[in-house]
Amino acid sequence: MIELNGITKVYRTGSQTLEALRGISVTIGKGEFVSIMGPSGSGKSTLMNIIGCLDTPTAGEYRLDGEKVAGLTFDQLAAARNRKLGFVFQNFNLLPYATAWENIELPMLFDGKNGRKRKERITELLNAVGLYDWRDHRPSELSGGQQQRIALARALANDPPILLADEPTGNLDSKSGEEIMAVLVELWKEGRTIVMVTHNDHIAAVSERIIRLFDGQVI
Amino acid sequence: MNLTLPRFFWSEYRKRRKKASLITFALFWGTLSILLLMSFGRGMSTQFQVAFSGLGDTLIMVYGGQTSLEFEGLPKGRQISLYPEDVDYLKERIPEIMRIAPESYTYLQVSANGKEINRNIHGTTAEFAVMRTQVPQIGGRFLDADDVSQGRKVAFIGWKIAADLFGAGAGDAVGKQIVINRIPFTVIGVLVKKIQDSMYNGPDADQIYLPFNAYQQIDNRRRINQIHIQPHEASQSKLIEARIRTLLGRKYRFDPDDRYASNFWNTIENNKEGMAVFKGIEMFLGIIGILTLLIGAVGVTNLMYAVAKERTKEIGIKLAIGARRRVIIEQFFLETLFVFAKGTFWGCITAFNIVNLVRLAPINYDSFGIEAYLLRPVFSLQIFVAYMVILGVLVFLSGIFPALRASRSNPIESLRYE
Numbered sequence: 030m031i032e033l034n035g036i037t038k039v040y041r042t043g044s045q046t047l048e049a050l051r052g053i054s055v056t057i058g059k060g061e062f063v064s065i066m067g068p069s070g071s072g073k074s075t076l077m078n079i080i081g082c083l084d085t086p087t088a089g090e091y092r093l094d095g096e097k098v099a100g101l102t103f104d105q106l107a108a109a110r111n112r113k114l115g116f117v118f119q120n121f122n123l124l125p126y127a128t129a130w131e132n133i134e135l136p137m138l139f140d141g142k143n144g145r146k147r148k149e150r151i152t153e154l155l156n157a158v159g160l161y162d163w164r165d166h167r168p169s170e171l172s173g174g175q176q177q178r179i180a181l182a183r184a185l186a187n188d189p190p191i192l193l194a195d196e197p198t199g200n201l202d203s204k205s206g207e208e209i210m211a212v213l214v215e216l217w218k219e220g221r222t223i224v225m226v227t228h229n230d231h232i233a234a235v236s237e238r239i240i241r242l243f244d245g246q247v248i
Numbered sequence: 078m079n080l081t082l083p084r085f086f087w088s089e090y091r092k093r094r095k096k097a098s099l100i101t102f103a104l105f106w107g108t109l110s111i112l113l114l115m116s117f118g119r120g121m122s123t124q125f126q127v128a129f130s131g132l133g134d135t136l137i138m139v140y141g142g143q144t145s146l147e148f149e150g151l152p153k154g155r156q157i158s159l160y161p162e163d164v165d166y167l168k169e170r171i172p173e174i175m176r177i178a179p180e181s182y183t184y185l186q187v188s189a190n191g192k193e194i195n196r197n198i199h200g201t202t203a204e205f206a207v208m209r210t211q212v213p214q215i216g217g218r219f220l221d222a223d224d225v226s227q228g229r230k231v232a233f234i235g236w237k238i239a240a241d242l243f244g245a246g247a248g249d250a251v252g253k254q255i256v257i258n259r260i261p262f263t264v265i266g267v268l269v270k271k272i273q274d275s276m277y278n279g280p281d282a283d284q285i286y287l288p289f290n291a292y293q294q295i296d297n298r299r300r301i302n303q304i305h306i307q308p309h310e311a312s313q314s315k316l317i318e319a320r321i322r323t324l325l326g327r328k329y330r331f332d333p334d335d336r337y338a339s340n341f342w343n344t345i346e347n348n349k350e351g352m353a354v355f356k357g358i359e360m361f362l363g364i365i366g367i368l369t370l371l372i373g374a375v376g377v378t379n380l381m382y383a384v385a386k387e388r389t390k391e392i393g394i395k396l397a398i399g400a401r402r403r404v405i406i407e408q409f410f411l412e413t414l415f416v417f418a419k420g421t422f423w424g425c426i427t428a429f430n431i432v433n434l435v436r437l438a439p440i441n442y443d444s445f446g447i448e449a450y451l452l453r454p455v456f457s458l459q460i461f462v463a464y465m466v467i468l469g470v471l472v473f474l475s476g477i478f479p480a481l482r483a484s485r486s487n488p489i490e491s492l493r494y495e
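If you read the sequences in order, they're chains A and B. Take the position in the first sequence, starting the count at 1, then add 29; the result is the number in this note's numbering. Take the position in the second sequence, starting the count at 1, then add 77; the result is the number in this note's numbering.
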């Protein structure tokens, strides 16, 4: 499902170059729950961004569902992010002016789904995360845990096979963090592929496999 | 077309719109300026046309003259006069002529209702009415063919004459008698009030018209002052002029190329020149309007650039969850349109009301002044369409660059932006 082969990412700022990833080769199969761990600056987020089609590698090959990502256009990458991948960020990244309902609706709007389908799916997702009564609230009116549950609902809006979670519990209290993890485990059990970046060994323990990075390499 | 996404953008815009009141005002002001300038420009052109038609409608006037060239042994400096029979002579030989009428006039005393005034008295025929826009007030009429052929003692008088002789209720003048050169004439019609910027012997409001045959009883000169001609097509006016020179030259023995032997007042050509000037003014005013609106548009572009920067993170989020480039461009365009819509809407409404309010102002027909041109602006559909086209171009130009910049954002950098 996710095949990374010799992935290198080099950042250039002026005369300086920074090698964030150095020849990473990883394969993540369908339905796996994988954690990516490593100290700050080890390249976790860069790897996550490449897997998430938000960034492109400097060298190496990335195949998503057997398709070479390097050959995709800006809009094809957008379509992949929209349908195949769901993102959960550490800082939620909800649109501040949109309500909970609208935030969940947006990926479906981008996918061109009709009104009836959207309504059904949003209702289903809001009920699943237990926030149906909060549907008309904006992010600023929700707690961190509630915001992350809305973000999770948004990530699942188009029913993507892969869920990418970048430190999903990083900004949450322990109770909210546990709730989010419970949902992730549930989703994994339903057959979804989960890739999660975390610092926390305790949280990583729920995953099937841990990929440890250090200095841009898998150790 | 699926309008869900635009509706979503509208709801987003409404929730977070900032009071860009200065830009809204600049757009309001620009719209008001462009529409008023165009309306006043169009109004001036229209009034020029109206004022010009006060003299006549596609009219050529022919006068006699004095020869300036020797011709077939005849010396230069001979007086060339026109005579009543020249009317038929020209009409029979020039098929391009639609209407033709002679005119003679003299200054005489007129008395009625115990009052005495001195005015120009004209003798002419029925066709004069259409050519020289002699429209009677309700209840009256101009001279007809029978009046002329039978030499009836009837008169068509200007509205000022009616007022001078019979007081303010000029409509009452019809049926009353006026005495000219000791001969009584019955008033059959009074001229409506009209704007007239071109004239000879003063405005038509101050003239009296008699049937040509009746007129000859008070003025025994054989020659006439001028002949009025209306061609079938305005474009034939130059051709008719040339034919008249040739025909009159043949009849009165002068060189057709002699510019002074016969004279012409070709209002069709004058009108063309006048209209060109007014069209030029109209365009100039329109351009000033566009420049004013442009200031507002530049403000919108600036605002949209600021919006693009302010929303960097938000654009990043949208890109991360699958927004295509087109979606980002669409949102910026719509937002540009929303910003424009507010100011321009009120600008349109205000301009429309000002134009209609100004049109209510009265025009003084006694002294045809600048107000006759300024107080009749025209807010036409054509002006509105022209404005919408200009506005469309400005919306596009204001929105496209900020929209393109936003759509080319890097999702990672945008997501990191705080």
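Please keep in mind that the hints were generated in silico from the structure rather than gathered at the bench. No experiment lies behind these values; they were computed from the predicted model shown. Cβ atoms here follow ideal geometry from the backbone N, Cα and C, with glycine treated the same way. There may be inaccurate statements among the hints.
Stated by the list, open to error - The calculated DSS-like cross-link candidates involving lysine-lysine, where the alpha carbons are at most 27 Å apart (straight line), are:
#, chain 1, residue 1, chain 2, residue 2
1, B, K390, A, K113
2, B, K349, B, K315
3, A, K146, A, K97
4, B, K390, B, K271
5, B, K390, A, K142
To be verified - Going by beta-carbon spacing under 8 Å, a handful of chain B positions derived as facing chain A:
#, residue
6, E89
7, I394
8, A397
9, R402
10, I489
Quick rundown of the hints versus the structure:
Only pairs whose Cα atoms come within 27 Å are accepted, and K390/B paired with K113/A is accepted, the gap being roughly 22 Å. Restraint check: the Cα-Cα separation between K349/B and K315/B comes to about 13 Å, which is no more than 27 Å; the hinted pair holds. Annotation: proposed proximity of K146/A to K97/A is violated, straight-line Cα distance about 31 Å (limit 27 Å). Taking the CA atoms of K390/B and K271/B, the gap is about 67 Å. The hint is violated against a cut of 27 Å.
Proposed proximity of K390/B and K142/A is supported: the alpha carbons are some 25 Å apart, at most 27 Å. The interface hint given for E89/B holds, since its Cβ lies 5 Å from the closest Cβ of chain A, which is under the 8 Å cut-off. The interface hint given for I394/B holds, since its Cβ lies 5 Å from the closest Cβ of chain A, which is under the 8 Å cut-off. Interface restraint check for A397/B: the shortest CB-CB distance to chain A comes to about 6 Å, inside 8 Å, so the restraint holds.
Proximity of R402/B to chain A holds as hinted, the smallest CB-CB distance being about 6 Å (cut-off 8 Å). Residue-level restraint check for I489/B holds (minimum Cβ-Cβ distance to chain A is 5 Å; threshold 8 Å).
When held up to the earlier numbered hints, the structure conflicts with 3 and 4 and fits the remainder.
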